[in-house]
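Chains E and W are the protein sequences, given in the same order.
Quick note: the first sequence uses the working numbering, first residue 107, plus one each step.
Quick note: the second sequence uses the working numbering, first residue 36, plus one each step.
Possibly wrong hints are sitting among the right ones.
Said to hold, decoys possible - Each computed DSSO-like pair below joins lysine-lysine, with the alpha-carbon atoms no more than 27 Å apart:
#1 W:LYS130 <-> E:LYS760
#2 E:LYS730 <-> E:LYS709
#3 W:LYS115 <-> W:LYS61
#4 E:LYS192 <-> E:LYS337
#5 W:LYS115 <-> E:LYS758
#6 E:LYS132 <-> E:LYS490
By construction, these hints were calculated from the structure, which means they are not laboratory data.
The structure displayed is predicted, hence computed values, not measured ones.
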Amino acid sequence: MNSVGLFILVLLYLVLLFFIASVAEKSRKPFWVNNPYIYSLSIAVYCSAWTYYGSIGVAATRGLEYLTIYIGPIIIIPAWILINAKIIRISRVNKISSIADFISLRYGNSRSLGALITLICAAAIVPYIGLQIKAISDTFHLVSHTANSNNIFTDSATYVVALITVFSSYYGTKYVDASERRVGVIAAVAAESILKLVFFLVLGIYVTYGVFNGWDDLYAQASTFSDFAHKNSIGGLTGALNWCLMSLLSMSAIFLLPRQFHTTIVENRREKHLRTALWLVPLYLLLINIFVFPVAWGGNILFKGASVNAEMYSILIPQKFGQDVITVIVFLGGLSASVSMIIISSIALSIMMSNNLIIPYGILNRISESNVKDNTKLIVTVRKIGIALLIVCAYLFYKFYINENSLFSVGLMSFVIIAQLAPSFFAAIFWKRGSYWGAVSGLIAGVFMCYKMLILPEMSGANVSHSFFTIDYFDPMTNAFFWSLFVNTVIFAVVSIFGKGNYTERNYAEMYVDIDKYLKYQDSAFVWKGTAETEDIRRILIRFLGEEKTKQALHIFNQKYNITDEEDTADARLIKFSENLLAGRIGTASAKILIESVTKEDKISLPEVLGILEESKQNILLNKQLTEQSQKLKQLSAQLQHANASLLEKDKQKDEFLDAVAHELRTPITAIRAAGELLQDDEDMPEGIRSQFLYNIISESDRLNELINDILYLDKLEHTEQVLEIAQYNIKNTIKKVIQPIEHLVEKEEIKLDVRLNLTREFFYYDEKRMIQVINNLLANAIKFTKDRHGEILLSVCNPQENLELKIYNSGKQIPDDELEMIFEKFYQSRNQNLKKPLGSGLGLSISKKIIEAHHGYIYAKNILDGVQFTLSVPQNYDKYEKNNYSR
Amino acid sequence: MTSMKKIIIADDEHKILMSLEYSFRKSGYEVFIARDGSEVMELLKTETPAAILLDIMMPNLDGYETLQQIRAEEQLKDCKIVIVSAKNNPADIQKAYDLGADAYVTKPYSIKKLLQQVDELIT
Numbered sequence: 107m108n109s110v111g112l113f114i115l116v117l118l119y120l121v122l123l124f125f126i127a128s129v130a131e132k133s134r135k136p137f138w139v140n141n142p143y144i145y146s147l148s149i150a151v152y153c154s155a156w157t158y159y160g161s162i163g164v165a166a167t168r169g170l171e172y173l174t175i176y177i178g179p180i181i182i183i184p185a186w187i188l189i190n191a192k193i194i195r196i197s198r199v200n201k202i203s204s205i206a207d208f209i210s211l212r213y214g215n216s217r218s219l220g221a222l223i224t225l226i227c228a229a230a231i232v233p234y235i236g237l238q239i240k241a242i243s244d245t246f247h248l249v250s251h252t253a254n255s256n257n258i259f260t261d262s263a264t265y266v267v268a269l270i271t272v273f274s275s276y277y278g279t280k281y282v283d284a285s286e287r288r289v290g291v292i293a294a295v296a297a298e299s300i301l302k303l304v305f306f307l308v309l310g311i312y313v314t315y316g317v318f319n320g321w322d323d324l325y326a327q328a329s330t331f332s333d334f335a336h337k338n339s340i341g342g343l344t345g346a347l348n349w350c351l352m353s354l355l356s357m358s359a360i361f362l363l364p365r366q367f368h369t370t371i372v373e374n375r376r377e378k379h380l381r382t383a384l385w386l387v388p389l390y391l392l393l394i395n396i397f398v399f400p401v402a403w404g405g406n407i408l409f410k411g412a413s414v415n416a417e418m419y420s421i422l423i424p425q426k427f428g429q430d431v432i433t434v435i436v437f438l439g440g441l442s443a444s445v446s447m448i449i450i451s452s453i454a455l456s457i458m459m460s461n462n463l464i465i466p467y468g469i470l471n472r473i474s475e476s477n478v479k480d481n482t483k484l485i486v487t488v489r490k491i492g493i494a495l496l497i498v499c500a501y502l503f504y505k506f507y508i509n510e511n512s513l514f515s516v517g518l519m520s521f522v523i524i525a526q527l528a529p530s531f532f533a534a535i536f537w538k539r540g541s542y543w544g545a546v547s548g549l550i551a552g553v554f555m556c557y558k559m560l561i562l563p564e565m566s567g568a569n570v571s572h573s574f575f576t577i578d579y580f581d582p583m584t585n586a587f588f589w590s591l592f593v594n595t596v597i598f599a600v601v602s603i604f605g606k607g608n609y610t611e612r613n614y615a616e617m618y619v620d621i622d623k624y625l626k627y628q629d630s631a632f633v634w635k636g637t638a639e640t641e642d643i644r645r646i647l648i649r650f651l652g653e654e655k656t657k658q659a660l661h662i663f664n665q666k667y668n669i670t671d672e673e674d675t676a677d678a679r680l681i682k683f684s685e686n687l688l689a690g691r692i693g694t695a696s697a698k699i700l701i702e703s704v705t706k707e708d709k710i711s712l713p714e715v716l717g718i719l720e721e722s723k724q725n726i727l728l729n730k731q732l733t734e735q736s737q738k739l740k741q742l743s744a745q746l747q748h749a750n751a752s753l754l755e756k757d758k759q760k761d762e763f764l765d766a767v768a769h770e771l772r773t774p775i776t777a778i779r780a781a782g783e784l785l786q787d788d789e790d791m792p793e794g795i796r797s798q799f800l801y802n803i804i805s806e807s808d809r810l811n812e813l814i815n816d817i818l819y820l821d822k823l824e825h826t827e828q829v830l831e832i833a834q835y836n837i838k839n840t841i842k843k844v845i846q847p848i849e850h851l852v853e854k855e856e857i858k859l860d861v862r863l864n865l866t867r868e869f870f871y872y873d874e875k876r877m878i879q880v881i882n883n884l885l886a887n888a889i890k891f892t893k894d895r896h897g898e899i900l901l902s903v904c905n906p907q908e909n910l911e912l913k914i915y916n917s918g919k920q921i922p923d924d925e926l927e928m929i930f931e932k933f934y935q936s937r938n939q940n941l942k943k944p945l946g947s948g949l950g951l952s953i954s955k956k957i958i959e960a961h962h963g964y965i966y967a968k969n970i971l972d973g974v975q976f977t978l979s980v981p982q983n984y985d986k987y988e989k990n991n992y993s994r
Numbered sequence: 036m037t038s039m040k041k042i043i044i045a046d047d048e049h050k051i052l053m054s055l056e057y058s059f060r061k062s063g064y065e066v067f068i069a070r071d072g073s074e075v076m077e078l079l080k081t082e083t084p085a086a087i088l089l090d091i092m093m094p095n096l097d098g099y100e101t102l103q104q105i106r107a108e109e110q111l112k113d114c115k116i117v118i119v120s121a122k123n124n125p126a127d128i129q130k131a132y133d134l135g136a137d138a139y140v141t142k143p144y145s146i147k148k149l150l151q152q153v154d155e156l157i158t
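This is chain E alone, in the form it adopts within the complex:
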């Protein structure tokens, strides 16, 4: 393929990345923003060009030890659920945006430590980025059959790098708050992870099954090599030790590489996404390694005796067979691996550069006096330039230094340097005694060891001379790793133990190690004593957040801690809260410096800090309990209010009811009293009238008694668990029992009573005694309203949908529609002027309704034809109720 065509392809590929990034950035749908798979795939940025080409080189020339780079992470990833969950929580509450922030905040929010870590990272990562550029450039020339050009401007790789630079600086600096999640870039990186895996698998399948005849064939041919057995063994005790240490090295790399910290911690949106990463990342590492071995040995077989770079086997093999498509695919896969690594590394590094180096040491004074718009612009510009600068440096590094060196060794050197962060990093979350001076001295010593044992010999090209530090079992690389980390750890531990840490360190140690205790009220865990004005702090916040956001943030803060907006002295919580607000934009160290500039801090001794911390721990616990209790109280009080309201309502109903009862009782009493009085006083009362009055006394007494019975019965229906005696009855018999006693009355009143049965069966479930009472009530009602008119009454019984349904119609005066429901209220009829007094107590319909409801049925009245119809329905799916309701 010619170089212009390939360049266009690269261009198209980058356009695709831009497209994915912008779609993700714009759509903001949960798929892009909140996707555990995108998160997990972005962590696979671990597999850079080193994996793509370097592993094959190592497998072909040295043996299986390339596997250690993946074994380490696979072993340690399950522990993420503990370690990374903790780091994610710490980073979230402290608005941490890089590993430099993470470590330096722990050791007293120290500006110098942050800067030191930034420098170490840059020193380790810039060559590493250079390595990726080298991979892109080498493969580009290989695929396009062009020669490497020493002139930067005629080398097409330059332009590829320029494109990547533009992409990274554009999408990497979208947000001024560095602790924000970069949806677009992460989506693009996740897409690249898929591409590089799929393309690598395509290559592997092609080599194994296309070029060779499957694994067996490949193995059979490869095993004829004299060094095959040697290369594919661990290599005795020496080899085993190297393996162990290399695995440890890669184990620390998966935590400490700035790009890994960035994707795993800073870009983590939900802690539970870790659970997906827990299996997906190891699976990914496994899949991408499956075909390393066949490709490496396939290359060894195919290019036996030829002098080719084994690292390029993955391109050379398809090229040898004229498979242009596969060649280009492999190239694009390698490009994906490199580009994603370059993007994330440069973003992570540029954040460190800006937040831990340039802002705190360079432009902090300037931005502390500027306004929000200029500041945002300046910070973003610094980061943009930072990204560009890093990539340019890496490019130059590649151009003038690593051209001759292999991918593998430069990569490992990066790993070893980055591993120097391990002691202070892991101690940060597990060991409260670790101190600033311990971290700094350990780091410097470790890096110095690296320089002496790795970089210097590498640069001079000389063999490592035998010295005190040489351990015969180790490779030079392993040796350097072992000694640098050993010295680093020992110095860190010793200095920490014997040195006296300052109180801020101790404070953050507490907050880091016991993060779960402070998670919710982490601002309270911050110890600070001194004087500060809210107004001063507010003014600083405005410079970086703007008027509106500052107002919102302070409002949220005041609400969270129940502080009035008028409070003008700031406490430790506000100081920490404000530092957090600024931290994402300008880094934790600068945030502290800025806030310090407007506050006056009092000296505070270490024992005092410990005291306050203990107190605040208890306070947090107390606060938690108080919140819980107050929530419970709130609930209780709501329940009480509700109960009170319903009691009041019931009370009112009871009053009304008693009023009505009193009225109803007085009516018969009046008649009785009057009759009694007359009988007593009037001696010459005619006999006929006398007996009439006596009869009245008896009948009104009966009425009184009936009324009292009804009231008590209704009360029982309402307030006690009335147990109906439900059984199977023949409805025909029941109707007969109702009709017989009234037949005489009906005849006398010349009412036409018609009974119609339209039944598919005769036996139904109900309480017969109660049902008779209900039908009686309704019929009495019907007779009353139709009596004077010699009208008609129709009683019909049917069983639609398994329900027992009765309809009682009487001709006569209709009930106004708006009163159809009210007639079932107690004493309704006697209160309503449009209806005649009831025959009974005025409670008949209320009682009927209650009885039907106890049957889980319903009753209602309706005006039809020229009269009124009452309908009652009793469900017959009795089994359902049998267990739950009736057998109490």
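Place chain W on chain E using the hints.
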């Protein structure tokens, strides 16, 4: 005979009416019976009684409405109206007086006293 005092007694309870009718007739009144307010109004078209006994809770036209209608008639202004009701709370009683009742008797009552009260009202 103009000397005979006329009275209308309105109540929807048959048994209450019976005793009142008997006692007032015995005391020399000419008694007219009404079962509800509308029957009272009907009677007033032809009769001008000295007094009217009104129950409140009656069908069709209740005691208050009847009272209101009677008081709206100029020629009935001398007619004494006694409300006889089982309602005995102050608000109900006040309402009756506000509408122009001359007396309020709560049920149950002593017939003797009721007669006395009516006698005093019309003389």
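Cross-check of the supplied hints:
1. W:LYS130 <-> E:LYS760: Cα-Cα ~23 Å, so holds.
2. E:LYS730 <-> E:LYS709: Violated. LYS730 of chain E to LYS709 of chain E sits at ~30 Å, over the 27 Å cutoff.
3. W:LYS115 <-> W:LYS61: holds, 20 Å
4. E:LYS192 <-> E:LYS337: violated, 40 Å
5. W:LYS115 <-> E:LYS758: Between LYS115 of chain W and LYS758 of chain E the Cα gap is close to 36 Å, so the pair fails against 27 Å, i.e. violated.
6. E:LYS132 <-> E:LYS490: holds, 21 Å
Checked against the numbered hints above, the structure violates hints 2, 4, 5; every other hint is satisfied.
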